[in-house]
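So the sequence lines, in the order shown, correspond to chains A and B. Residue numbering for the first sequence is 1 to 446, as defined by my numbering. Residue numbering for the second sequence is 1001 to 1467, as defined by my numbering.
Please note: incorrect hints may appear among the correct ones.
Stated by the list, open to error - DSSO-like, lysine-lysine: derived pairs with alpha carbons at most 27 Å apart:
#1 A:92 - A:137
#2 A:146 - B:1185
#3 A:146 - B:1408
#4 A:3 - B:1440
#5 B:1185 - B:1074
#6 A:331 - A:146
#7 A:2 - B:1148
#8 A:409 - A:368
#9 A:139 - B:1148
#10 A:146 - A:158
#11 B:1425 - A:2
#12 A:368 - A:80
#13 A:312 - A:206
#14 A:139 - B:1408
#15 A:146 - A:92
#16 B:1074 - A:3
The hints are simulated quantities; they were obtained by calculation from the structure and are not laboratory data.
Each chain, letter by letter, is given below.
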Amino acid sequence: MKKFLRIIIRILIFVISLEIYLNCGGLVLTLIRDYKNTRNATDGQIRIICIGDSTTYYNNENDYPNQLQTMLDQVNSGKKFRVINKGIPGAKSLDVVQHLEQWLDEGHADVAVIMIGRHDPRSDFIPLPWWYAWGTKMKTAGLLNKLFHSSQDYVLEKYNKFFESSAKFFADRGDVHELKIKADPEKNVIFPATSPEDTKLILQAKFLIEEKKFEQAQEILKYLDTKTYANKSFELKIEDMLGEVEYKKKVGWYVAAPYEEYMEYVRLSSAAIYDERSIWNRIHARWCNDEYIEDVEQQLLQLYAKAEDKNKEFIVDFLKTCFDKVGRQNKIIYYYDLVEKIYNKGINPVTQENYKKIIEILQKKNIKMIFMQYPTVDAEELEEILIPISENKSFILIDNKKIFKELLKNNSYKVYFSDDYGGHCTALGNKLIAQDLAKQILKIYN
Amino acid sequence: MLFHSLEFLLFFIFTFVLYIFLNHKWQNRLLLVASLIFYGFWDWRFLFLIFFSTSIDYFLGSKIYSAPNAKTKKSYLVTSIVMNLGVLGFFKYFNFFVDSFIDGANLLGLNFNPALPKIILPVGISFYTFQAMSYTIDIYRGQLKPVKSFFDFALFVSFFPKLIAGPIERASHLLPQIINPRVLKLNEFYEGCHLFFWGLFEKLFIANSLVQIADSVFDQYESYDGLAILAGLYAFAFQIFADFDAYSNMARGIGKTMGFDLMINFNLPYFATNPVDFWRRWHISLSTWLRDYLYIPLGGNRLSKWKTYRNLMLTMILGGFWHGANWTFVFWGAYHGLLLVIYRAFTAIRKPLEDPNRWYFLRVIFFFHVVTLGWLLFRAESLLQAKGMLYKLIFDFHIHGQGELLLKTIFIILPLFIVQIMQYKTKDLLIIFHQHWLVKTLAYSFLTYLILGWGILKVEEFIYFQF
């Protein structure tokens, strides 16, 4: 008992100290950044403070504040600019309201660039149970989650590689095997206890399944099922194949095929096929090509119609990724819009209220305001909110989505975004944001 | 299968659970099968090679022992050595010699460009070949009796913890542990886990973080100034140490959990104050191997002064060449050979200066820089690069230069540095393991934090695998 208690205490100490280290680490990183910000402070600079969440934070040479600094340095405008990154991963608009004055004073800001709101509770927000909310706040939990996902990705990558090689093997084999069976069924008697006719029927059903003619296959199998045989393995085989057909009809043939993986999918299907990462990944690796993409789309849309609200965005987002792989730009943009529509159900009252407070503070301090909307979100709604609450439209609003959308017509989504959705940009995406921002800033000061 | 990969974790847990429930004979069989699977995971074709080497050495070992006279004994030994070095030479150095020959011919104006097969280097070949050679040579010298069971010998050659990157075990040390039953002790199991975890830390945090700095400096040295190149050199010096020490520790740790005791391969090498001391601490299993099977047979230091110098140079050059088929390794070996020769030649002058209590840390720092200069030769792709970097290091050095890399390097090395100082002061390599449980728990959680939070969870090859 004493020993057991000691183990529990050790684990507790381990977790608590890990949590402390993680928090301290984050603090140190932010301190280093702030130190860098203040280190080069000289007079006569125009100081631009970039406020936002992880999309601003990034913390390397590719984040948009950094790229903005480089661009402004290169322009020969006779003025000196200093860009300060105040992005905090996961920041809500409320966090900005609470810290804004302090940041502005510390940074001696002249211009404030703000891109916030993504982490605010949605309008359809349902409070989480206390333990869950508490758990998501623990950094250790986040770390473990990340570890779990990266190990899952690692396994999936291996799996996909293995699958691709074996798929190639089967593809290379082609239909030769099938032709052989058709030509001479007696030579391929799989079940010795059955008649050659039944064997032929089984093979026929098999081909029908492969050709995705499930109804016909089912008919044959049901007919065979009515016959009774002494051979147990034959019965099992029929049962299996019937199950396979049922399953493929239910979840879509692309999910269930090929048959060798059938059992695994049965296991996974209990975990709701809608948001099972592994299934998405497998479909993505295998079926997203010109030949199957329409079929995949159709079946996913069927799932979409039946899906619960919380799963809808996953499906649409996945469709976007699928089309991205094939490179159909119009479809990508269509689903890119759709996923945003589902995800952003309007700017909620809390965010609106916070924007009002932010503008009040900025106007009081007479700081030039530049608002940006995330490159994945339409800017019109934000504009509608901002106009009435600001005096004589004294702000600049940058519509990032307009720029990105235009470019997405010709390029892959992955060129500009580093994640599937969440709006984190690649170096190039951040460059686009910085370019537009630089133009606006130079316009103010020239 | 790398030690820090998911596959290995599953592989080891499976093996270990079976291992505890088996008796001694079946434990050995299990370990042999596991080792072959482990090796086959890299490339199953080379299983034939390892089988070939093993059976020849097993056969020749018993032949040497039962040979009626010295002459036949010798001829069997020569066969064994020629076979081992032949296999090693063909797989490891064939490309090098052919390329060097072609380069030489082209230099002479002959336009010579034959189409040749590229030989793939089998993983760990340098390690297991040396190990198998120690077996036959020891039998020839009468220091060892041949093993009866072929399976035991095969396990000795292919025992998976040390198969890929050492330590290069001696037959006299490892074979008895295989032949005699082993006792599993709980404390040793914990100790093994500790060693493995410490290895994980060295690999995933220290080495994986430093490799980025070292690579970027060495790959684009033109764009850096002297200060950054210094950072790159420090980074590489600690990267190669952490990487290799990590592997040795993990190997030892895995061995320990199953009741094996593999030899210590690194004993705080950067605390050495002179080249002799350094080679007693760095890659001990290789340096003692070279001492016993190359340096001493050549005559060691029992002959004239000049012959001793020749032996030192030859041993170190071949030792350098063992690391890989590249001229930079040869020059690295020669550099260390030269250090040893100089150290020996100036015995009379240095003796009075070597008061162990005087200037100790200054001497450590000085000699660390001497070693680091050697790493420049070792890591550079070509001699031209080494020269270019050295030039920049000296003539492009500003104290207010690109210091960020240096700061980063120091930050990464710091935890390792602190632990090593503790290890040195207490002369206890397991210093963390021997702490109070509360301190230990805090330390483990801090290391976990560094590994997961800062280290990169990428499965990269250990540097030493290609050697």
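Checked hints:
1. Note on residue 92 (chain A) and residue 137 (chain A): the hinted pairing holds, with a Cα-Cα distance of about 14 Å set against a maximum of 27 Å.
2. Simply put, residue 146 (chain A) and residue 1185 (chain B) have alpha-carbon atoms about 35 Å apart, too far for the 27 Å limit, and the pair is violated.
3. Note on residue 146 (chain A) and residue 1408 (chain B): the hinted pairing holds, with a Cα-Cα distance of about 24 Å set against a maximum of 27 Å.
4. A threshold of 27 Å between alpha carbons decides the hint, and for residue 3 (chain A) with residue 1440 (chain B) the separation of about 17 Å falls inside it, so the pair holds.
5. At most 27 Å may separate the alpha-carbon atoms for a hinted pair to count; residue 1185 (chain B) and residue 1074 (chain B) exceed this at roughly 43 Å.
6. Between the alpha carbons of residue 331 (chain A) and residue 146 (chain A) the distance comes to roughly 31 Å, so the proposed pair goes past 27 Å and is violated.
7. With a C-alpha separation of about 49 Å, the suggested pair residue 2 (chain A) and residue 1148 (chain B) falls outside the 27 Å cut-off, and the hint is violated.
8. Distance check on the hinted pair: residue 409 (chain A) and residue 368 (chain A) sit about 33 Å apart at the alpha-carbon level, beyond 27 Å; violated.
9. Proximity of residue 139 (chain A) to residue 1148 (chain B) is assessed by CA-CA distance (about 57 Å); at most 27 Å being required, the pair is judged violated.
10. Using a Cα cut-off of 27 Å, the hinted pair residue 146 (chain A) and residue 158 (chain A) holds, with the two alpha carbons roughly 18 Å apart.
11. Proximity of residue 1425 (chain B) to residue 2 (chain A) is assessed by CA-CA distance (about 35 Å); at most 27 Å being required, the pair is judged violated.
12. About 16 Å separates the Cα atoms of residue 368 (chain A) and residue 80 (chain A), which keeps this hinted pair within 27 Å; it holds.
13. Taking the CA atoms of residue 312 (chain A) and residue 206 (chain A), the gap is near 34 Å; set against the 27 Å cutoff, the hint is violated.
14. For the suggested pair residue 139 (chain A) and residue 1408 (chain B), the alpha carbons sit about 24 Å apart, so the restraint of at most 27 Å is met.
15. Annotation: proposed proximity of residue 146 (chain A) to residue 92 (chain A) holds, straight-line Cα distance about 22 Å (limit 27 Å).
16. Using a Cα cut-off of 27 Å, the hinted pair residue 1074 (chain B) and residue 3 (chain A) is violated, with the two alpha carbons roughly 60 Å apart.
Of the numbered hints listed earlier, those contradicted by the structure are 2, 5, 6, 7, 8, 9, 11, 13 and 16.
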